[in-house]
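Chemist: Just so you know, the protein sequences line up as chains A and B, in that order. Using our numbering, the final residue of the first sequence is 274, and nothing's skipped along the way. Using our numbering, the final residue of the second sequence is 298, and nothing's skipped along the way.
In case anyone wonders, no lab produced these hints; they're calculated from the structure. Zero decoy hints are in this set.
Cut-off 20 Å, straight-line C-alpha distance, at most; resulting in silico cross-link-like pairs (EDC-like, lysine to aspartate or glutamate):
# : chain 1 : residue 1 : chain 2 : residue 2
1 : A       : 249       : B       : 56
2 : B       : 76        : A       : 260
3 : A       : 249       : A       : 270
4 : A       : 172       : A       : 188
5 : B       : 113       : B       : 79
6 : A       : 11        : A       : 30
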Amino acid sequence: MTAPFGRRLCKVSESRASGGYRLFSLIDPEGHEPQPGQFYMLATESHWEQSGRRPYLPRALSVAETGPAAAGVRLDFLIEGIGPGTDRLCELEPGEGVWVNGPLGNSFSMPRELAPGAAGAILVGGGIGVAPLALLRRSFVARNIATRVLLGFRDAAHSGGLDELFSCCEIKLASDDGHVGHHGYVTDLLATMLDGDDAASAAVYACGPPQMLEAVGAMCTEAGAACELAMESPMACGYGACFGCAVPKAGGGYLRLCVDGPVVRPDQVEAAHA
Amino acid sequence: MPDFCGIELAHPVINASGTFDAIAARRVYGDALPANFPFSAFVSKTITPEPRAGNEPQRIWETPAGMINSIGLPNKGLEGFLAEDLPQLAELPVPLIVSVMATGHDEFARLVKGVGEREEVAAIELNVSCPNVHSGLIVGEQPSETEALVEALRPLTEKPLIVKLTPNVANPADVAVAAEEGGADAVSLINTLKASAIDPATGKPGIAAGHGGLSGPAVRPVAVAQVRAVAAVVTIPIVGMGGIASGADAVEFLHAGALLVAVGTENFRDPRAGSRVAGEIAGALRAGQSSAQIGNAA
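For reference, chain A alone in the conformation it holds in the complex:
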């Protein structure tokens, strides 16, 4: 299903703290429900390009949850303020307007589409990268696909959104500072699983910082586990126009992450960039 052509103004229905992050909800009056992994280009109606200041370009955000609303489709986004655009989105209050373009990009595959023997799924999230895995988890649970979740966080201030997003699911945590779960990387948890029977029987889905994605991709390749990574890249347009979100392709050339991704298999991209 294609996205409605053009951006549209959506109202913020809710905005609140969620762990160390912010979670806001928009009501999209036009678009259909997004698939897990898809993203939207977002810019606030006010105080965006105000007096020629940044932020100027819309920001790409993966959708964390969605569902029907009275006046359209509810879209939940988990966000961390790391610059002028995300800072502004963190300030959103109910009733404010947000320009929305999407849903854009491809989506995660089902485990059996990735490997015939993959009956279950292992979801690996790092930091704010937990967002698209929430919607993916719900989609798998609805299909009775056994789903386990591994989440890693840097510290207490960069953690959370968990209760709402990952309730009723087998979940294991890791943190760089040891404030919660395993004291170390989330990839340590994945390594333990892949050492067991899981490499053949589960597909791995990951979203998080580039180093984490690269490690997950390499581990899965070595273990022979099917894997998909939701990647991130600087992006001006989200619909293939700007060619800014180039990611080196395995074998040469580049992918446009917005239209060829954001979900890729490790063997599609050059290892140093996965």
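Go by the hints and put chain B onto chain A.
Modeler: Below, chain B alone, put in the same frame as chain A:
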């Protein structure tokens, strides 16, 4: 209904080359794209003789009221374009202008002949100004080089030739005059302004190539000044562009002497910006004190 070099257009707003991929957008938005096509003519991304992968990331960097890009002209090359892209672009409901770039006269000639003989193509834009590719600066910076190139290409096709001017010269009007004397049917300006930004976190340029081209509202006053200067010295039509995000912005360029305007970076923020700007132009003209001539152009 502007008449641009004999091509009748529904309105005066087209796209800047390299700022809208109609084939990708068709995949994303489906039939709603051709049904509501934002531009009165479509300008392709620049085609080079051989395929190019484009530049190493990071390719874009946000700035106040704009962005710097160094994309590096990724494209399928002439053969790939003709075989794969042209049939899809020919399905668009508007005339097609193909942007081409090469490093020398012979290669440019190959492009102009190859593209010019296809009936799906309404006009050809000569990219002599893209600052991302080293060789691109050479011709477009020199009036004599520009005139010689256009003179060499002019006999090769009956299609209108549009010369895209670089703003990175002391006097773009001199280059515009040279383009007209060489036989150009129109000029388009401005291309991006050479620019750089340093990432404060690393102390290194934000763009992997070190520098790129600045676009967006930040460049608009520069573009308006250059369009005015060029309009004062050429008789051929002008396509004005640089930071146009609204009808009021477009009207500045029409007043400055442009027959058509092109929307570029604003497409990234609003995929339907072309239609929006076109719709706003009449109102913006009424709001101002428009002359009869400007009214006709709109």
